[in-house]
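S.K.: Now for the letters of each chain:
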Amino acid sequence: DAKTTQPPSMDCAEGRAANLPCNHSTISGNEYVYWYRQIHSQGPQYIIHGLKNNETNEMASLIITEDRKSSTLILPHATLRDTAVYYCIASGAGSYQLTFGKGTKLSVIP
Amino acid sequence: DTGVSQNPRHKITKRGQNVTFRCDPISEHNRLYWYRQTLGQGPEFLTYFQNEAQLEKSRLLSDRFSAERPKGSFSTLEIQRTEQGDSAMYLCASRPGATGNTIYFGEGSWLTVV
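Just so you know, the protein sequences line up as chains A and B, in that order. If you use the working numbering, the first sequence corresponds to residues 1 to 110, in order. If you use the working numbering, the second sequence corresponds to residues 1001 to 1114, in order.
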């Protein structure tokens, strides 16, 4: 899996969009970008993943740059329940597991 | 709830005792994972099963650790002669078939060795 780099922490005002960046400059062509989050004391929760195109689901949007060297996870209207550690992972079809880093601790402020 | 189920959720044990955790994956998911997570760190891969076959083990999985998935359904993770350094959350995850790498985690089993 390609190495990913995320800021250790971020704050976001409640109701605003939270934009979480991730750098993956060495990502290879067959590696997807996955995002998970982990709320305190719970197991990681899958959010979204993508290869080249931007993706959106009921939880979030994923914006991947054209060169695929970075991506941004967008939570459109952050709530207090979105306070969590967010992990960005690059993983390809040839890899059987996901390698987690330390992630970004997002704090949503009232 | 049809998610990944882990038991027990919390376990406190004395150093030197053996502990066993059980994981029931999502139905029909033939791939099963164990991860370990210590405070302030992301989850670390321990081992991986495809059906009943254990296909990969991390160097983190010392000789005191053993995982099984006897019938390709539920799995157990046993830690023998526990040490204080084994205190962590043990996470089980599963995924279906051969397509994609999206894995789905359980709520984890917390182990405290005193």
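Accuracy of the hints is not assured; some may be wrong.
Taking beta-carbon pairs under 10 Å as the criterion, some of the chain B residues facing chain A (in silico) [what the hints assert, rightly or not]: (1) Arg-1022; (2) Gly-1085; (3) Met-1089.
Ranges of calculated distance between the beta carbons of each label pair, as one might list FRET restraints [said to hold, decoys possible]: (4) Ile-74(A) to Pro-1096(B): 41 to 51 Å; (5) Ile-109(A) to Leu-1055(B): 39 to 49 Å; (6) Leu-1039(B) to Thr-79(A): 19 to 29 Å; (7) Thr-1020(B) to Ile-74(A): 33 to 43 Å; (8) Glu-1044(B) to Gly-92(A): 13 to 23 Å; (9) Arg-1081(B) to Asp-11(A): 41 to 51 Å; (10) Arg-1022(B) to Pro-76(A): 20 to 30 Å; (11) Asn-57(A) to Gly-1040(B): 46 to 56 Å.
By construction, these hints were calculated from the structure, which means they are not laboratory data. Glycine included, every Cβ here is placed at the ideal spot set by N, Cα and C.
S.K.: For every hint, state whether the structure bears it out.
M.R.: To see whether the hints hold, each was checked on the structure:
Of the supplied interface hints, the one on Arg-1022(B) is violated, with its beta-carbon coming no nearer than about 15 Å to a beta-carbon of chain A, more than 10 Å. The interface hint given for Gly-1085(B) is violated, since its Cβ lies 19 Å from the closest Cβ of chain A, which is over the 10 Å cut-off. The criterion of a C-beta within 10 Å of any C-beta in chain A is met by Met-1089(B), whose closest approach is roughly 8 Å, and the hint holds. The beta-carbon spacing between Ile-74(A) and Pro-1096(B), approximately 27 Å, falls outside the hinted interval of 41 to 51 Å.
A hinted range of 39 to 49 Å for the beta carbons of Ile-109(A) and Leu-1055(B) is consistent with their spacing of about 44 Å. The supplied range of 19 to 29 Å is met by Leu-1039(B) and Thr-79(A), whose beta-carbon atoms lie about 25 Å from each other. Take Thr-1020(B) and Ile-74(A): their Cβ atoms lie about 42 Å apart, and the range 33 to 43 Å holds. For the hinted restraint 13 to 23 Å between Glu-1044(B) and Gly-92(A), the CB-CB distance of approximately 19 Å keeps it satisfied.
Our hint of 41 to 51 Å for Arg-1081(B) and Asp-11(A) holds, since their Cβ atoms are close to 44 Å apart. For Arg-1022(B) and Pro-76(A), the hinted distance range of 20 to 30 Å is not satisfied, since their beta carbons lie about 38 Å from each other. Against the hinted window of 46 to 56 Å, the Cβ-Cβ separation of Asn-57(A) and Gly-1040(B) comes to about 29 Å, which falls outside the hint.
Hint check: violations occur at hints 1, 2, 4, 10, 11; the rest are consistent with the structure.
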